[in-house]
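Participant: Spelled out, the chains give:
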Amino acid sequence: MLSNTGNFLLILSILFTSFIIYQSFACLKKTNDMIFKSIYKISLLQSTTILICFFTLVGAFMVSDFSLINVYQNSHTLKPIFYKISGTWGNHEGSLLLWVIILTIFSFLFLITNKNHPKNYRINTLIIQNILILGFLFFILFNSNPFSSISPIPKEGLGLNPILQDPALAIHPPLLYVGFVGSSIYFSAAMASVITNYSGKFFAQSIKSWVIISWSFQTLGILVGSIWAYYELGWGGFWFWDPVENASLLPWFAMTALLHSLLVLEKRNILYFWSIILCLLTFTLSVTGTFLVRSGILNSVHTFANDPSRGIYILSFLSLMIFASVYILFTKYKPTNDQINSNSKETFILINNWFMMFYLITVLLGTLYPIFTDAISNNKISVGPPFYNSVIIPVVIIFLFFMAIGPKVRWIKNEFLNFKDLLKIIVGAIAVNFIITYFFKSYSLISNLIIISSVFLIISTILDAFKRPKINFARIISHFSFGFLIFFIGLNHNFSIEKDFNLKLGETKKIDNYNFELKDLKLQQYDNYKAVIGKIQISDLSTNKKRTLNPEIRIYDNPQTLTYEASIKTNFFRDYYLTMSNIDRSDYYNIKFQEKPLMIWIWISVVMLSFGGFLSFIRNAKNN
Amino acid sequence: MQKIIKITIIFLLIFILGIFFLSLNKSSNYNTESLVGNKLGEIELVSFQDDSIFTNDDFKKNSFTLINFWASWCAPCRIEHPQLMELSKENNIKILGVNFKDKKINALKFLKDLGDPYEYLTRDSNGKQSVNFGIYGIPESILIDNKLTIIKKFVGPLTKQDLNNIKEIINNL
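Chains as they are written, first to last, in the numbering used here: chain A, 14 to 637; chain B, 3 to 175.
25 Å max Cα-Cα, derived DSS-like pairs, lysine-lysine:
| hint | chain 1 | residue 1 | chain 2 | residue 2 |
| --- | --- | --- | --- | --- |
| 1 | A | 347 | A | 132 |
| 2 | A | 393 | B | 155 |
| 3 | A | 548 | A | 582 |
| 4 | A | 345 | B | 8 |
| 5 | B | 114 | B | 162 |
| 6 | A | 426 | A | 280 |
| 7 | A | 512 | B | 130 |
| 8 | B | 105 | A | 517 |
| 9 | A | 214 | A | 635 |
| 10 | A | 605 | A | 535 |
| 11 | B | 103 | A | 605 |
| 12 | B | 41 | A | 393 |
| 13 | A | 345 | B | 5 |
| 14 | B | 5 | A | 347 |
| 15 | A | 437 | A | 480 |
| 16 | A | 517 | B | 103 |
| 17 | A | 523 | A | 558 |
| 18 | B | 130 | A | 605 |
| 19 | B | 154 | A | 393 |
| 20 | B | 154 | B | 169 |
| 21 | B | 130 | A | 393 |
| 22 | B | 8 | A | 347 |
| 23 | A | 605 | A | 582 |
| 24 | A | 517 | B | 106 |
| 25 | B | 155 | B | 63 |
| 26 | A | 558 | A | 582 |
| 27 | A | 635 | A | 132 |
| 28 | B | 62 | B | 130 |
The following residues of chain B were derived to be distant from chain A, with all beta-carbon distances above 12 Å:
| hint | residue |
| --- | --- |
| 29 | 48 |
| 30 | 57 |
| 31 | 58 |
| 32 | 66 |
| 33 | 92 |
| 34 | 95 |
| 35 | 117 |
| 36 | 125 |
| 37 | 131 |
| 38 | 134 |
| 39 | 151 |
| 40 | 155 |
Hints in this document: simulated from the structure, not taken from any laboratory.
Ideal Cβ placement from N, Cα and C applies to all residues, glycine included.
Bound-form chain B, shown alone (with noise of 0.2 Å):
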């Protein structure tokens, strides 16, 4: 019984101190990289100018869509305007505006000055929409194909390198 008791001991001791070792070589920062390959979650986005609503199936048309989420307010979202408006020229890939956190006469006129490049917009005017996709800055896009799997993730302004890789990763496939 006590050999019992001292091997349960150790090997529980052993489990603890290895995930301990486990956990060590992880970032406990949260990361929405790890998201990349993952399938996009329900997703219910309101449209800019109605009230209809923009659902995971509307996804489904496009080989790539592009989710950009911006704001009028957000000068980095000013920086990677052009890399969109480039993008928006592509014929395989459609892109999804959210949006963020604006007011609409500031939206639009930001839109005005600078060039539409979104097929569809949507907004989420409190943020809360777009915590489920792991967003917790912008400006941020995600890169999903028509079977909605999360291909690339982008953190902060798109760069021309960035802009490139795309157009790389939707004209192979």
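Bound conformation, chain A alone (with noise of 0.2 Å):
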């Protein structure tokens, strides 16, 4: 029954798309400056359409409706119903019919919100949104369908992996898809700006506010999904430069290249070919991330299932779109004879964006260029966090640097920089590095650096906000976050403690300042898997303070496997990181102890530097 609705459902999507087209196509012909009423009628109707089939599929999820392939192969009847919910998009039909949802909203919503804008620029920005959304939609239904039956219908289901089946996962997907989908609307509103001829100010106000909004959840999706690879998979780290998350990083390199240089179109009227392609590049990147993880071509916990022929629709899928944005920016580029003063807030925030396109570039390569090796000389390599460490901090610390004084600097032409002021802030900042290492521990050069230029940045950003008489928060939020950012990763890389060994019940074991003793191991039964449970009891031998942590073996029985759960004990100064895993044939147990400072600080540095995108989304609206 519901894959018949679902089904139904999504014909009517795609009938609904076909018509908003076909009615758009009619309206560009009139001259006049009104959009049909019909074209807001349908658009209405299509995103509820989408919705209502989305939520038919969650319904399947809910009551475990194993006519479905999908519901079959990710769900059973014992998984707890939040994670029947989630269950939905934790895997590859389900979430392409979210992006659809995302494509379909942000259509709707820019059609309605963007009312002083020229007809045309909105209804080619229509057309080209609606061109993808049918193209997904055709993807689903023919190639990726969450609605396809099952005949005899089994008892059972497989179960979602047991990786998958964490609050953190539940919501990283829809926050990176507002993030990355949400591009696609400035993809499209700037291919119809390219055809239209509509450019500048009134184009940099027209997609300012879904740059914001889609960088700001695309900010908390990145962060969301490092948490939980922090707390889940067991190495203590919380970003491992795995092709995956480079796949959203990159994205993120162009939208925040973007964000910054329509500043400029905005204020300036100039840089409006570098806004086109970088609005086409975020799109574009977001679309070959998605290629890349859902073909297979990369092995991840985001590779759902090998197709060959899912990856051969989104290739063509991504080259029509790279093709025709190229076509149009080649047949309708005119060079502009764009006036920068060498010393005005332009060519700071054209700095910024030549960082972002180093670190784009950086990432990029990393990325590809192990696919490169295999598919040309048959070799397999890996590019590693070596790689990335190297060729990107360094780069940070002098970017650090320019972020400090960018904001000081005046539009058009500044008069002249206060060295003075620079010089003091930077003498507070090897203050505040010398006392770290003094009181603490030393560290490499490079360390030195990173904390000195995190640190001007801070303190640069906070004197800035106290100076201006009308202060932009939106700014001073995100830089000062990105400052701690820095500042904290800084810190936590210097003074992460390791710890690897092996304890048998009742052992105590003494590594520098910590007894370790491995007190009791119980066996409990859960909803969906059995647990070992480990009390490992440390005692601070300094402060004879004792924590125990609770390490956990799982045992998921659908499907079955082995998950290692951390334990983890968090407080503002560092966090305790313990995971537990048995040895073979042996009554030992491999324990991997990590003290962490001040980790809670990276995270809430990230939930800042959002919110910093969030305020000034609601800024950005206000003055509109």
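Both chains are sitting in their own frames, so use the hints and assemble them into the complex.
Facilitator: What follows is the structure, encoded as structure tokens:
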């Protein structure tokens, strides 16, 4: 039943989408400045239909309707209801439906919120966006249909991959999708802008809110994924430069660059084509990421199943998008004579863009290089953290300095830079760094520079907030949080402690300043798994403080999987992180203990960073 | 100049998309089947009985060698054992056993109970040597000739059919 309903709704959505495109072309032919009422109505119907379609699938997961292959493969009756629901987008087909929802809702919202912009620009945006929607709907219907039925109906489902049964992962995809699928709307708008010659300041205003909102969600989405990796994967790290993580970071770089170049376009009416390229690049990178992850070229938890036809479809779609945008750019591009004074805010924003492009190219190369060598020479290599760290970290130092100075510089032409003030701040930053190394621990030259440059950014941003009569809180918070983020990552990296040893029940081990005792092991049965829970007491010999951590070894039934759950004790100063794994045919358990200082502040910094984005969104909405 | 830039961009894009297309037809799963036809890398295995070392040169004496990775705790190894016993009767082939992450006493009991098909027996107590052969689970067997070329790989327990397959290869050449 649900299979028919779902398929019917999908087909209905395709009809509505086609009708919107048809009506939009008809509307373009009319010379007056009005958009047909019917277009608004069908757009609303289209969004509603696709939402109902999605909730039909959610319903199927909730009632465990195993007549749908998708539910059968990704759910199980014993799964808690929360994970039944999140299982809807925890798989390829369901998550594509989420894609289309965001494409559609953004399309509708863009249509109704940009009434003060010319008709042709809006209609062209609508047409392009709906072509994208149509492409994805066809993909869903013919290749990745979540409503495909199975007969005879299985009695029980196969279950959701246990490491995906996690609250952070339940909200990770929706957040990330609002980010990178949301970028589709300014892809469409950028194409429409070039086609209709609607350029400059007004174009910037029409897409600014969309860029900000997608950037903020993308930031949050990356954060949640990172937190999940931190406590679920049991390595104690939060960023691994894994190709899939990189796939989410690439559009983020492009978005961040765009966010800043739009400021210039809005204020000075320059950098138009550059902004257009960034708009096109952001969504293209999002689809490229999806292609890499879903086609199975890259192996990761995000690769749901290998199906070459799926890859071919996304690749054709991606190629079409790329060549259409390149064609439109090449035919419409006009060289502009942008006058930019080297000592002006414009220059500093351009510098931000160059840095972002540098990061983007570095990460892109690192991600694609193994794929290229494998395809060309059959050589399997992997590009790991050493590459990214050695290329990116030194550049971050210079970047932070520019980031601190940029906002102080005026538009068009700055009179002079107050070097005295800058010198004072830098002395302050060096002093902070000196205090840290003197009282705690000394670290490498590059770490010293990282701490100094991040403190420099923090202090100068705070001073900025006090000096200016009219301050932009959104910018202050974002820049300030970014400084803190780098600062805390630097400290965390330098002060983390890691110990690896074996313990058996009742045994105590003394390592450095800590005593570890495996006090108890108990087996507990839960709804969908059983767990061996260890009770490990850590006594800090210097303070005599005792802490108990309870790492788990979980045995999931559906599908049968063994996972190791880290036990983490968090406070404002540090995280105690402990994982326990069994050793085959032995009474010993392998214990991995880590002390990670200021961990929670890394998360808080990123939350603040995206909060800055949301503030900026509100501010922008008020101004317009 | 502008034309050159445009053409470069287009070629670059076609190149990237082309590579993506090529990659689609490759499996990214690590598959040791691809090792077939390659030469065996440098190896050094420690004998099961004493500390003598078994190296590549020792393989060159036999026209064929089957390297079999096994352990007493591995149930499928028990299933394939009769096949190994039968193969050990062939003249053209010698079997090298690599005892994988096992306890000596258990391994010896296993061979005492089920028979010892191995011409040579080596041990890999921590599983590190086996990684060099591309082994990620046991049982697994690798058939090589005296030039150290990998002729065939068998992932999982050897079946009757695999056994016939091996016999055919060694007796035809």
